[in-house]
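Residues per chain, in single letters:
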Amino acid sequence: MAVYKRSYKGYAGPLTPGWSRFLILTRFSYARLFQSKFLLMFFASSFFYPMACAAFIYVSHNLSFLTAFNIPASEYLDINGRFFYYFCNVQGATAYLLTAFVGPSLISPDLVNGALPLFFCRPFSRLEYVAGKLTVLVCLLSVITWVPGLILFAIQSSLAGWSWTGGHLWMAGSILAGLLVWCVVLSLIALALSAWVKWRVSAGALVLAVYFAGAGFGSAINAVMRTSNGSLIDLVQVVHTVWSNLFRYDAGLEMSPASAWIVLGSACLICLWLLARRIRAFEVVK
Amino acid sequence: MNGQAARPEGGRAGGRGHVTFENVSRFYGEVLGVNRITLSIPPGITSLVGPNGSGKTTLMNLMTGLVRPTRGEIRVLDIAPSDSERLFRLVGYATQFDSFPRGLTGRQFIVSFLRLFGYSLSECERRASEAIEQVRLGDAADRKVAAYSKGMRQRIKLAQAIAHGPRVLVLDEPLNGLDPLVRSETIDLFRRFAADGCHVIVSSHVLHEVDLISDQVILLSNGYVVAEGHIQGVRDEIQEQPMQVLIRCSQPGAVAARAFEQDHVLKPDCTPMAADYWLRRAIPTVFTEC
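Which chain is which? The protein sequence lines are A and B, in order.
As numbered in our numbering, residues 1 to 286 make up the first sequence, in order.
As numbered in our numbering, residues 1 to 290 make up the second sequence, in order.
Read the hints as simulated data drawn from the structure, not as lab findings.
Cβ coordinates follow ideal geometry from the N, Cα and C atoms, glycine included.
Treat the hints with care, since some could be wrong.
[As the list claims (entries may be wrong)] DSSO-like, lysine-lysine: derived pairs with alpha carbons at most 27 angstroms apart:
#1 Lys144/B with Lys37/A
#2 Lys198/A with Lys37/A
#3 Lys198/A with Lys267/B
#4 Lys198/A with Lys150/B
[Claimed, not checked] Simulated restraints, written as ranges between beta carbons of each label pair:
#5 Gly29/B with Trp19/A: 48 to 54 angstroms
#6 Trp19/A with Gln96/B: 16 to 22 angstroms
#7 Asp211/B with Trp19/A: 42 to 48 angstroms
#8 Arg277/A with Leu266/B: 32 to 38 angstroms
#9 Arg143/B with Phe34/A: 20 to 26 angstroms
#10 Arg277/A with Asp139/B: 51 to 57 angstroms
#11 Glu133/B with Ala12/A: 53 to 59 angstroms
#12 Gly13/A with Lys150/B: 32 to 38 angstroms
#13 Glu133/B with Ala54/A: 51 to 57 angstroms
#14 Ala12/A with Arg192/B: 19 to 25 angstroms
#15 Ala177/A with Gln96/B: 47 to 53 angstroms
#16 Gly13/A with Arg136/B: 25 to 31 angstroms
#17 Pro14/A with Arg192/B: 25 to 31 angstroms
#18 Gly13/A with Arg192/B: 20 to 26 angstroms
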């Protein structure tokens, strides 16, 4: 046996905090994602509706301008729960499209390229990996959903005064909770599908299929079985029920808010289970 | 950046400094990965040798915590492989998979994965440059990995494994696809690591490829360790193990009859379709006389 002098000296310098290391993955993912011009254009276009809403709020506080043209605007231009409910609908749908575009490119390339062992051969856990990828989507979707929602609320508050703000503060909570939950659900669905469907295009199509097929099958079940329980698999109707409940607006939906919350929670748990099954250093083929 | 500091040494102060397996088994469902492995790997160059499917990669995945044992206990410098935060500061692993994240240059590949260790960007760039120089890939470091040859990809994999300055280097078939000059340089690199008191654990399915460089050889077959120790001892051990020899000939019956007269031949089998003749023999040196 050879005799070796032990001269090894390990690194003893400063390290970044362990809790923040998952953000490295997020940063690298953004750098790659924003190389796409299409994504940049889509991302920019998703701010059109919030800007239109901001203009709407401004106009609603400057009715004298409209009355000069004999337009009876005051009955239409009311900033209330319904206004923010429709804001959530539009931005929620935009967030879905963005998810279908961005989500599949997050995990599937790592699986296709066999890069997962490279991540897990570092002081980096599966949980951190999923957190890093989840943060990419949650932050991106937040920027087009609840962040502009809260900005609109702030604009309305500044124009309407403290009395309005005091009486409608619950709306800010509803905007944050309703849209943040939607961002998390969408992100988890996209990651789970991206982990199980290696081909990017198929994964993107599947994300959209969850949106449309759920609605189609839900309606079919309701029609055939003469029930309303089929709507539970219609993710769009589920989240609309949650939003209408949060904004105290009757959108004419039959589902109970409790059922809708349970469906969203279950969807998140299923996605986490799918991710836990798939995100492993080595694929075990049985 | 905050004040969290890296541990300079792994394990307890009184740790034995070995990689140890104690009665370790790993099954993939009903398929055996490795079974009842008890080993103690000292510093120096250790080779895991065995045919495909003998359990070399499973053993490496077990010691790096990427696969958990079904039974038994593993310690790497007295650290449990499940403690990835401490383990991977001391362990560098290059898998046999020849795949990389798309679109990255060699340097970006190393820097991006070094960031996961918590080093600052400047520290990562310094370490990446050092590692690239060590594997003699300086000229190609800023080219995309996708444009690398097989040998260059092997070297960049080696660079990512050594970039953080590990004390235990686990390399799955690191000499595959290297030309003789690069192979010689890579072996020198292993020797330098071993000379620093590090563990260099390499796998190969060709015994003579690693017998010149290894301080210790572990011979695996069908998930079991069949021999371990110094290369000469393992060679002697092999001589005593039954083995199969395939003879392709025009008169298998005659050969079988002649061979069967020998005491050390256990079982001759004929496969008429291919006109192959199989002998399972006990002592190979005697066989050459028949």
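message: For a quick check of understanding: which of the numbered hints are violated here, in increasing order?
response: The structure breaks hints 3, 5, 6, 8, 10 and 11; every other hint is satisfied.
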